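Undergrad: One-letter residues, chain by chain:
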Amino acid sequence: GEDVEQSLFLSVREGDSSVINCTYTDSSSTYLYWYKQEPGAGLQLLTYIFSNMDMKQDQRLTVLLNKKDKHLSLRIADTQTGDSAIYFCAVLYGGATNKLIFGTGTLLAVQP
Amino acid sequence: DTEVTQTPKHLVMGMTNKKSLKCEQHMGHRAMYWYKQKAKKPPELMFVYSYEKLSINESVPSRFSPECPNSSLLNLHLHALQPEDSALYLCASSQDGGDSSYNSPLHFGNGTRLTVT
Numbered sequence: 001g002e003d004v005e006q007s008l009f010l011s012v013r014e015g016d017s018s019v020i021n022c023t024y025t026d027s028s029s030t031y032l033y034w035y036k037q038e039p040g041a042g043l044q045l046l047t048y049i050f051s052n053m054d055m056k057q058d059q060r061l062t063v064l065l066n067k068k069d070k071h072l073s074l075r076i077a078d079t080q081t082g083d084s085a086i087y088f089c090a091v092l093y094g095g096a097t098n099k100l101i102f103g104t105g106t107l108l109a110v111q112p
Numbered sequence: 113d114t115e116v117t118q119t120p121k122h123l124v125m126g127m128t129n130k131k132s133l134k135c136e137q138h139m140g141h142r143a144m145y146w147y148k149q150k151a152k153k154p155p156e157l158m159f160v161y162s163y164e165k166l167s168i169n170e171s172v173p174s175r176f177s178p179e180c181p182n183s184s185l186l187n188l189h190l191h192a193l194q195p196e197d198s199a200l201y202l203c204a205s206s207q208d209g210g211d212s213s214y215n216s217p218l219h220f221g222n223g224t225r226l227t228v229t
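Residue numbers (my numbering), protein chains in the order written: chain A, 1 to 112; chain B, 113 to 229.
No lab work stands behind these hints: they were computed from the structure. Since the model is a prediction, treat every value here as computed from it, not as a measurement. Incorrect hints may have been included.
To be verified - In silico lysine to aspartate or glutamate, EDC-like type, Cα no more than 16 Å apart, as pairs:
1) B/Lys150 to A/Asp26
2) B/Lys165 to B/Glu179
3) B/Lys130 to B/Asp197
4) B/Lys152 to A/Glu5
5) A/Lys68 to A/Asp26
6) A/Lys67 to A/Asp54
7) B/Lys153 to B/Asp208
8) A/Lys99 to B/Glu196
9) B/Lys152 to B/Glu196
10) A/Lys67 to A/Glu14
11) A/Lys99 to B/Asp197
12) B/Lys131 to B/Glu179
13) B/Lys152 to B/Asp208
14) B/Lys150 to B/Glu196
15) A/Lys99 to B/Glu136
16) B/Lys134 to B/Glu179
17) B/Lys152 to A/Asp54
18) B/Lys153 to A/Asp54
19) A/Lys36 to A/Asp3
20) B/Lys153 to A/Asp26
21) B/Lys130 to B/Glu164
22) B/Lys153 to A/Asp58
23) A/Lys70 to A/Asp58
24) A/Lys68 to A/Asp54
What the hints assert, rightly or not - Cβ-to-Cβ under 8 Å is the rule here; a few derived chain A residues that face chain B:
25) Phe9
26) Arg13
27) Tyr24
28) Gly42
29) Ile49
30) Gly82
31) Phe88
32) Leu100
33) Phe102
34) Gly103
35) Thr104
36) Leu108
37) Pro112
As the list claims (entries may be wrong) - Derived Cβ-Cβ restraints for the label pairs, each shown as a range:
38) A/Asp3 to B/Lys152: 10 to 20 Å
39) B/Thr128 to A/Asn52: 25 to 35 Å
40) A/Asp16 to B/Ala151: 41 to 51 Å
For every residue, glycine included, the Cβ atom is placed at its ideal position computed from N, Cα and C.
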């Protein structure tokens, strides 16, 4: 079955880098996503990576994928207080249906 | 700003009421989704529509009834809900209708916060 896990909480100082980790169990994933959710809001798509890629960089965001270990990470460079939110990784199992399974979510707290 | 619009933003309803949640997108996406999110939990998939046909129902109770009148609109009709159904209901859409090798990202609305009293 599909299981996607994240650590619950990460605290960093403003200006430092943040690394949020995600592990998944089912290797038939196609795309892997990172979403950000601020309090009381919906989900904002941050970035995504195709399963045959190892790395993707998008401004302050770097996504690393280790398909052998089924490990995904999101690095946020120069973390700002506005980055404080819950971050969800999500794994897409494609084929006939688009079934997106979310991780448990990591609360990122940025200290000034 | 999200390109998926959900109304209303907040809804309070009694257990005997009938209400509907609405979702609209004008990105030309052919797949639309309903997710339910409880506090401090990840979103859970409820329904998927692909090319206006229901393709996934994740064993959702019949008191939740989805409807896709056209490719831009998705409704969720609510009847005889329970207090434990109180949650944030998120709508999403994606370009791909699920029948090709390209699976596009899901774009989410800001959700409807539902309280059942």
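Undergrad: Against each hint, give a clear statement of whether it holds in the structure.
TA: To see whether the hints hold, each was checked on the structure:
1. B/Lys150 to A/Asp26: With a Cα-Cα distance of about 24 Å, the restraint between B/Lys150 and A/Asp26 is violated, given a limit of 16 Å.
2. B/Lys165 to B/Glu179: Within the cut-off at roughly 9 Å; holds.
3. B/Lys130 to B/Asp197: Status holds; Cα separation ~14 Å.
4. B/Lys152 to A/Glu5: holds, 14 Å
5. A/Lys68 to A/Asp26: holds, 11 Å
6. A/Lys67 to A/Asp54: holds, 8 Å
7. B/Lys153 to B/Asp208: violated, 27 Å
8. A/Lys99 to B/Glu196: Judged against 16 Å, a Cα distance of about 24 Å means the pair is violated.
9. B/Lys152 to B/Glu196: With a Cα-Cα distance of about 15 Å, the restraint between B/Lys152 and B/Glu196 holds, given a limit of 16 Å.
10. A/Lys67 to A/Glu14: violated, 31 Å
11. A/Lys99 to B/Asp197: The hint is violated at about 22 Å.
12. B/Lys131 to B/Glu179: Distance ~13 Å between B/Lys131 and B/Glu179 Cα, so the pair holds.
13. B/Lys152 to B/Asp208: violated, 29 Å
14. B/Lys150 to B/Glu196: holds, 9 Å
15. A/Lys99 to B/Glu136: violated, 20 Å
16. B/Lys134 to B/Glu179: Holds, at roughly 10 Å.
17. B/Lys152 to A/Asp54: violated, 30 Å
18. B/Lys153 to A/Asp54: Not OK: B/Lys153 and A/Asp54 at ~28 Å, beyond 16 Å, violated.
19. A/Lys36 to A/Asp3: At roughly 19 Å apart (the allowed maximum being 16 Å), A/Asp3 and A/Lys36 break the hint.
20. B/Lys153 to A/Asp26: violated, 21 Å
21. B/Lys130 to B/Glu164: Cα-Cα ~23 Å, so violated.
22. B/Lys153 to A/Asp58: violated, 27 Å
23. A/Lys70 to A/Asp58: violated, 21 Å
24. A/Lys68 to A/Asp54: holds, 11 Å
25. Phe9: violated, 11 Å
26. Arg13: Since the shortest Cβ distance to chain B is 24 Å, the answer is violated.
27. Tyr24: Violated. Min distance 13 Å.
28. Gly42: Holds. Min distance 4 Å.
29. Ile49: This interface hint is violated because 11 Å lies over the 8 Å limit.
30. Gly82: violated, 16 Å
31. Phe88: holds, 6 Å
32. Leu100: Holds - the Cβ of A/Leu100 comes within 8 Å of chain B, reaching about 6 Å at its closest.
33. Phe102: It holds, given that the least Cβ distance between A/Phe102 and chain B is near 4 Å, below 8 Å.
34. Gly103: holds, 6 Å
35. Thr104: holds, 6 Å
36. Leu108: Where the cut-off is 8 Å and the nearest Cβ of chain B is about 14 Å from A/Leu108, the hint is violated.
37. Pro112: Interface hint status for A/Pro112: violated (24 Å vs cutoff 8 Å).
38. A/Asp3 to B/Lys152: 10 to 20 Å: holds, 18 Å
39. B/Thr128 to A/Asn52: 25 to 35 Å: violated, 52 Å
40. A/Asp16 to B/Ala151: 41 to 51 Å: Since the Cβ atoms of A/Asp16 and B/Ala151 sit about 28 Å apart, the hinted range of 41 to 51 Å is violated.
Checked against the numbered hints above, the structure breaks hints 1, 7, 8, 10, 11, 13, 15, 17, 18, 19, 20, 21, 22, 23, 25, 26, 27, 29, 30, 36, 37, 39, 40 and satisfies the rest.
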